[in-house]
Amino acid sequence: MGLDSINLHISIRNQNFDINQEIKQLSSGNLNIGGIVSFLGIVRDLSKNNNLKFMEIEHYPGMTETALMKICNEAKTRWEIQAISVIHRIGKLYPGDNIVLLLVGSVHRTQAFEASEFVMDFLKSRAPFWKKETTLTEATWIEENPLDEQKLLRW
Amino acid sequence: MGLDSINLHISIRNQNFDINQEIKQLSSGNLNIGGIVSFLGIVRDLSKNNNLKFMEIEHYPGMTETALMKICNEAKTRWEIQAISVIHRIGKLYPGDNIVLLLVGSVHRTQAFEASEFVMDFLKSRAPFWKKETTLTEATWIEENPLDEQKLLRW
Amino acid sequence: MKILYFSWLRECIGVSFEEYSTDQTTISGLIRELVNREPRYRKAFKNLTMVKVAIDQELVADMETSIVGAHEIAFFPPMTGG
Amino acid sequence: MKILYFSWLRECIGVSFEEYSTDQTTISGLIRELVNREPRYRKAFKNLTMVKVAIDQELVADMETSIVGAHEIAFFPPMTGG
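Residue numbers (the working numbering), protein chains in the order written: chain Y, 1 to 155; chain E, 1001 to 1155; chain H, 2001 to 2082; chain L, 3001 to 3082.
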């Protein structure tokens, strides 16, 4: 049931992560995990004039963790997966910096892929994170992409 | 067109890979890559008695590279992706060892996920690799999973 | 109860949280009351399609949801994580 | 032409490749000829649903495909990579 039978790891933090190490941790002691799907999100420069200086990520402590737990547990009931790890950075990040790392380990490749897409789709629109971009000329809060909300309808 | 506009990297080899390094290489010099989807395949013990000693992977030099190039180029025409890297190990591998690493970098998360599933599905049934498992008691060639062939029909 | 503000709502209102007492029983009632308090609230809640609400860290879609007994109400724009 | 064998077909036939000349013009003709050569070929090609073929490193599905002019013909079981 729920958290007992799945290896679930959620971390919200300033510091960067090491993907090798996170993968090692996810699969350690579970030789049934034959496939690990991961999604790595990186700060990219989407500003009109390609002059992003940095990005700041704010979140709602407490609710973030609860929301992510809920999303991961839902994924666990829908797909045959053995382990999930979500790391999301907050604070000041620069172009090329890592933002988010999702790892989903499963015996079955397709299960891990679908669960990963599901978690990313809901993380994007249901986990309380907000991004602010500072370019050479201005600071603006990133607006929601209306497509993100639409994507939830397919699940 | 084709290979010119996409960063494509294919490697068939004995040695292990370093995921951090491969990701760095994929995204280096391309700040448009906002998301990298990866699939990591690991040797797991699927033998009846859970007594896998090692696995041997054989391939068809020349045809393997051509087949993978074809699959990646097809993915490139179907999805908006900026970079693909496929590394597949051959030779003798032990439980827990890495087998395959696929990386797909894209501006758009969903595009990278779909392209990754596509490449893995075709790699599985169209790239000339064969696996032999040696347990404590016997050595057997892994048989094709009939579902793998079916999966191709959805693309 | 505690009211929290995030992102540009926080910047607009000027605080990240405040203690607040109200006789209002719904989110929409609370927002009406805040809007009548000071221009900074009026500005923050000008376009409600841009405002999301969580009661006790749980997202709620309906502005008529009851806030009776709530400890923590948060206002923020649509999320943009990932 | 060069004929290559992989996986258990290689083990069964005992070589990974051989140079071979034939008047046969199709894959099925070539297989028939090989099967009549020696028991090890008969054993390898016993169940053709388990055998896949590539002509010049290109997978072909139809056993009646022409092999005229081919440089390299490979026989192997269904792939199991990934």
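Some hints here could point you the wrong way.
Below, a sample of chain L positions facing chain E; criterion: calculated Cβ distance under 8 Å [said to hold, decoys possible]:
| # | residue |
| --- | --- |
| 1 | Phe3006 |
| 2 | Ser3007 |
| 3 | Trp3008 |
| 4 | Gly3014 |
| 5 | Pro3039 |
| 6 | Ala3054 |
| 7 | Gln3057 |
| 8 | Leu3059 |
| 9 | Ala3070 |
| 10 | Ala3074 |
| 11 | Phe3076 |
| 12 | Pro3077 |
| 13 | Met3079 |
| 14 | Thr3080 |
Calculated lysine-lysine pairs in the DSS-like style (CA-CA distance at most 30 Å, straight line) [said to hold, decoys possible]:
| # | chain 1 | residue 1 | chain 2 | residue 2 |
| --- | --- | --- | --- | --- |
| 15 | Y | Lys92 | Y | Lys53 |
| 16 | L | Lys3002 | E | Lys1092 |
| 17 | H | Lys2043 | Y | Lys92 |
| 18 | E | Lys1092 | L | Lys3046 |
| 19 | H | Lys2002 | H | Lys2046 |
| 20 | Y | Lys24 | Y | Lys53 |
Because the hints were derived from the structure by calculation, they are not lab data. Note that beta-carbon positions come from the ideal geometry of N, C-alpha and C, so glycine has one too.
Mind checking the CB of L/Pro3077 against every CB in chain E and telling me if the closest is under 8 Å?
holds (7 Å)
Do the alpha carbons of H/Lys2043 and Y/Lys92 lie within 30 Å of each other, as the hint requires?
Holds, at about 27 Å.
Less than 8 Å between beta-carbons is the criterion; does L/Ser3007 satisfy it with respect to chain E?
Holds: closest Cβ of chain E sits about 4 Å from L/Ser3007, inside 8 Å.
Does L/Thr3080 meet its interface restraint, that is, does its C-beta lie within less than 8 Å of any C-beta in chain E?
It holds, given that the least Cβ distance between L/Thr3080 and chain E is near 5 Å, below 8 Å.
Report holds or violated for the interface hint on L/Phe3006, using the least CB-CB distance to chain E and a cut-off of 8 Å.
L/Phe3006 check passes; min Cβ-Cβ to chain E is 6 Å, inside 8 Å.
Restraint check, 8 Å cut-off on beta carbons, for L/Pro3039 near chain E:
violated (20 Å)
Hint check, L/Met3079 versus chain E [nearest Cβ-Cβ separation less than 8 Å]
holds (6 Å)
Residue hint L/Ala3070, partner chain E, criterion CB-CB below 8 Å:
It is violated, given that the least Cβ distance between L/Ala3070 and chain E is near 13 Å, above 8 Å.
Holds or violated: H/Lys2002 to H/Lys2046, with C-alpha atoms at most 30 Å apart
holds (21 Å)
For the pair we were handed, Y/Lys92 and Y/Lys53, check the Cα-Cα distance against 30 Å.
Within the cut-off at roughly 10 Å; holds.
Status of the hint placing L/Trp3008 at chain E (closest C-beta pair under 8 Å):
Nearest chain E Cβ about 5 Å off; hint holds.
Hint consistency between L/Lys3002 and E/Lys1092 [alpha-carbon to alpha-carbon, up to 30 Å]:
Holds: L/Lys3002 and E/Lys1092 sit about 27 Å apart, inside 30 Å.
Violated hints, in rising order: 4, 5, 9, 20; the structure is consistent with all others.
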